[in-house]
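For the protein sequence lines, the chains are W and B, in the order given. At position 11 of the first sequence the residue is numbered 11 (the working numbering), and the sequence of numbers has no breaks. At position 59 of the second sequence the residue is numbered 59 (the working numbering), and the sequence of numbers has no breaks.
Keep in mind the hints are simulated off the structure, nothing from the lab. Note that the coordinates shown come from a computational prediction; the quantities given were computed from them, not determined experimentally. Check the hints yourself; a few may be wrong.
Unchecked claim - Calculated cross-link-like contacts (lysine-lysine; reagent style DSS-like; alpha-carbon spacing at most 30 Å):
(1) B:87 with W:215
(2) B:71 with W:241
(3) W:222 with B:87
(4) W:40 with B:41
(5) B:41 with W:264
(6) B:87 with W:11
(7) B:41 with W:156
(8) B:100 with W:11
(9) B:100 with W:9
(10) B:41 with W:215
(11) W:240 with W:161
(12) B:100 with W:241
(13) W:222 with B:101
(14) W:40 with B:100
(15) W:11 with B:101
(16) W:9 with B:101
(17) B:71 with W:33
(18) W:33 with W:11
(19) W:231 with B:71
(20) W:156 with B:71
(21) B:75 with W:33
(22) W:40 with B:101
(23) B:100 with W:159
(24) B:71 with W:240
(25) W:240 with B:101
Said to hold, decoys possible - Each pair of labels, with its calculated beta carbon distance range:
(26) B:13 with W:20: 47 to 57 Å
(27) B:69 with W:203: 44 to 54 Å
(28) B:90 with W:182: 24 to 34 Å
(29) B:5 with W:259: 43 to 53 Å
(30) B:75 with W:175: 50 to 60 Å
(31) W:159 with B:5: 37 to 47 Å
(32) W:224 with B:89: 55 to 65 Å
Here a beta-carbon is modelled for each residue, glycine too, at the ideal position from N, C-alpha and C.
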Amino acid sequence: MQNSRKSEKSKGVVVFAFNTSVDYVAIADNTSKLIERNLKLPITLITDHDAEPQFEYDQVIRVDVASGNIKLDVSYQQVEWKNFGRYLAYELSPYDSTVLLDVDYLVLDDSLLKLIDLNKDYAFHYYSSSSNGDLYSSMGPYSLPFIWATVIVFNKSDKTKMLFDLVKRIQDNYDYYCKLYNIRERNFRNDYAFAIANIILNGYHIDPGHNIPWKMFTITDKVDRLIVDSKNIRAYFTNKKPILMPQQNIHVMDKAYLQSTQFKDFVTDVTG
Amino acid sequence: MNAEDIVKQIKQATDYQINRSILREKIQTDLHFAYNGGLFKADPAQYTFVMMWQGDADALFLEDTYGNPIKINQKEFLDLSTEHYQKVMNRWHQEHAELKKIRKI
Numbered sequence: 001m002q003n004s005r006k007s008e009k010s011k012g013v014v015v016f017a018f019n020t021s022v023d024y025v026a027i028a029d030n031t032s033k034l035i036e037r038n039l040k041l042p043i044t045l046i047t048d049h050d051a052e053p054q055f056e057y058d059q060v061i062r063v064d065v066a067s068g069n070i071k072l073d074v075s076y077q078q079v080e081w082k083n084f085g086r087y088l089a090y091e092l093s094p095y096d097s098t099v100l101l102d103v104d105y106l107v108l109d110d111s112l113l114k115l116i117d118l119n120k121d122y123a124f125h126y127y128s129s130s131s132n133g134d135l136y137s138s139m140g141p142y143s144l145p146f147i148w149a150t151v152i153v154f155n156k157s158d159k160t161k162m163l164f165d166l167v168k169r170i171q172d173n174y175d176y177y178c179k180l181y182n183i184r185e186r187n188f189r190n191d192y193a194f195a196i197a198n199i200i201l202n203g204y205h206i207d208p209g210h211n212i213p214w215k216m217f218t219i220t221d222k223v224d225r226l227i228v229d230s231k232n233i234r235a236y237f238t239n240k241k242p243i244l245m246p247q248q249n250i251h252v253m254d255k256a257y258l259q260s261t262q263f264k265d266f267v268t269d270v271t272g
Numbered sequence: 001m002n003a004e005d006i007v008k009q010i011k012q013a014t015d016y017q018i019n020r021s022i023l024r025e026k027i028q029t030d031l032h033f034a035y036n037g038g039l040f041k042a043d044p045a046q047y048t049f050v051m052m053w054q055g056d057a058d059a060l061f062l063e064d065t066y067g068n069p070i071k072i073n074q075k076e077f078l079d080l081s082t083e084h085y086q087k088v089m090n091r092w093h094q095e096h097a098e099l100k101k102i103r104k105i
C-alpha cells in the first residue's frame with residue numbers, strides 16, 4: 001500500500017502492538033489519537049495477523065513475532081511480553097524520518113517535532129524522571145547505563161541501519177550479551193539491546209550525541225485516573241498523593257489503567 | 001466544612017515540591033528550539049553573546065546542544081531565541097504562581 005501522504009522527505013510515527021493478556025492494540029488505538037492530535041503525523045501500526053485495530057492508521061503492517069518473554073507489571077505479577085522484533089522498525093517503517101513509540105507513551109505535547117527535522121541518525125532518552133525522582137538507568141550493579149527505547153527518533157541512514165542490525169544480533173544472542181555486559185535481568189529488554197548496540201556502534205563509548213536532551217517523564221505507580229484541564233493534568237494514584245503537572249508527554253507503566261474506561265475518557269477529554 | 005469534606009480535600013491535595021520539580025523539567029524541555037538543522041536551548045548567556053557580536057552578521061557560528069557548529073543569522077537567531085525564551089519563561093512564571101496559589105503543604 002502506498003503512503004498517500006508521502007512528501008519529499010516523509011515523516012511519520014511507528015508503533016508496535018502485539019496482544020498478550022494485555023490488549024496492546026486497544027491501547028495503541030487510544031494513544032494514537034493523542035499522537036495524531038499533537039504531532040499531526042501519519043501513524044503506522046506494526047502488529048500480528050490476529051489484531052483488529054480500530055484507529056484509522058496510515059498503514060497496518062502485520063508480521064509474525066516470537067513470544068516467550070515475560071516481565072513483572074506494576075503489581076509485580078508475571079505477564080507475557082511480546083517485545084521481540086523491534087529491530088524490524090528500520091525496514092518496515094514507511095517513512096524517511098520516524099518517531100518509533102511504545103504504546104504506553106502518551107504524546108501530550110509537540111516536543112518530539114523539534115527532533116525530527118534535525119537529520120540526526122537516531123536519538124533516544126538516556127534519562128527519565130518520575131514523581132519519585134530520577135529513575136535508575138543501569139543494566140546491573142556492575143554494568144553500563146541503559147537507554148529508554150520508549151521513544152526512538154531516527155532517520156534512515158547507514159549508521160541507523162547498523163544500529164537496528166546490531167539490535168537484531170543482540171536479540172538473537174541475548175544470553176551472551178547478558179554475560180558480557182553483566183546484565184541483571186535475563187528477560188529480553190529493548191532498552192538494554194538498544195543501549196548495547198549504541199555503545200558498540202560508537203566505539204564502545206556512551207556518545208551523548210544520541211541523547212534526547214531532556215528527560216522522559218514516567219509514571220511508575222498504579223494510576224487511578226488522569227484528569228485534564230486547559231493547561232494541566234492531575235494524576236491520581238492508588239497508594240500515594242496525586243500530582244499536578246503541565247500537559248507533557250508521559251510514559252505510563254500501568255497497563256491496567258491504559259486498558260480502562262477511565263483512560264478512554266481521558267483521551268476523549270484531551271482530543272475533544 | 002465537615003469531616004468528610006476535609007478528608008476529601010486532603011486526599012486531593014498535591015505535593016507542591018513535586019509539582020514544582022515536574023514543572024521545572026517540562027520547562028527545560030520547552031526551552032529547546034530547532035534552528036537551521038541544530039537544536040538549541042534558549043538561555044540569556046547565549047543570546048547576550050549573539051546580541052553583542054560585532055563581526056560579520058552572516059558569519060556567526062554557534063555550538064548547538066549536540067556539539068555541532070551551526071551557522072546562524074544574527075538578527076534572525078536573536079529574534080527567535082529571545083521570543084522563545086520570553087514565551088517559555090513567562091509561562092513558567094505563570095504556572096509556578098498558580099502552583100503556589102493551590103499549595104497545600
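For each hint, the structure was consulted:
{"no.": "1", "hint": "B:87 with W:215", "in the structure": "holds (21 Å)"}
{"no.": "2", "hint": "B:71 with W:241", "in the structure": "violated (48 Å)"}
{"no.": "3", "hint": "W:222 with B:87", "in the structure": "violated (35 Å)"}
{"no.": "4", "hint": "W:40 with B:41", "in the structure": "holds (24 Å)"}
{"no.": "5", "hint": "B:41 with W:264", "in the structure": "violated (35 Å)"}
{"no.": "6", "hint": "B:87 with W:11", "in the structure": "holds (28 Å)"}
{"no.": "7", "hint": "B:41 with W:156", "in the structure": "holds (26 Å)"}
{"no.": "8", "hint": "B:100 with W:11", "in the structure": "violated (40 Å)"}
{"no.": "9", "hint": "B:100 with W:9", "in the structure": "violated (45 Å)"}
{"no.": "10", "hint": "B:41 with W:215", "in the structure": "holds (14 Å)"}
{"no.": "11", "hint": "W:240 with W:161", "in the structure": "violated (43 Å)"}
{"no.": "12", "hint": "B:100 with W:241", "in the structure": "holds (17 Å)"}
{"no.": "13", "hint": "W:222 with B:101", "in the structure": "holds (28 Å)"}
{"no.": "14", "hint": "W:40 with B:100", "in the structure": "violated (34 Å)"}
{"no.": "15", "hint": "W:11 with B:101", "in the structure": "violated (42 Å)"}
{"no.": "16", "hint": "W:9 with B:101", "in the structure": "violated (47 Å)"}
{"no.": "17", "hint": "B:71 with W:33", "in the structure": "violated (37 Å)"}
{"no.": "18", "hint": "W:33 with W:11", "in the structure": "holds (17 Å)"}
{"no.": "19", "hint": "W:231 with B:71", "in the structure": "violated (36 Å)"}
{"no.": "20", "hint": "W:156 with B:71", "in the structure": "holds (24 Å)"}
{"no.": "21", "hint": "B:75 with W:33", "in the structure": "violated (39 Å)"}
{"no.": "22", "hint": "W:40 with B:101", "in the structure": "violated (35 Å)"}
{"no.": "23", "hint": "B:100 with W:159", "in the structure": "violated (47 Å)"}
{"no.": "24", "hint": "B:71 with W:240", "in the structure": "violated (49 Å)"}
{"no.": "25", "hint": "W:240 with B:101", "in the structure": "holds (22 Å)"}
{"no.": "26", "hint": "B:13 with W:20: 47 to 57 Å", "in the structure": "violated (37 Å)"}
{"no.": "27", "hint": "B:69 with W:203: 44 to 54 Å", "in the structure": "violated (22 Å)"}
{"no.": "28", "hint": "B:90 with W:182: 24 to 34 Å", "in the structure": "violated (47 Å)"}
{"no.": "29", "hint": "B:5 with W:259: 43 to 53 Å", "in the structure": "violated (33 Å)"}
{"no.": "30", "hint": "B:75 with W:175: 50 to 60 Å", "in the structure": "holds (58 Å)"}
{"no.": "31", "hint": "W:159 with B:5: 37 to 47 Å", "in the structure": "violated (60 Å)"}
{"no.": "32", "hint": "W:224 with B:89: 55 to 65 Å", "in the structure": "violated (34 Å)"}
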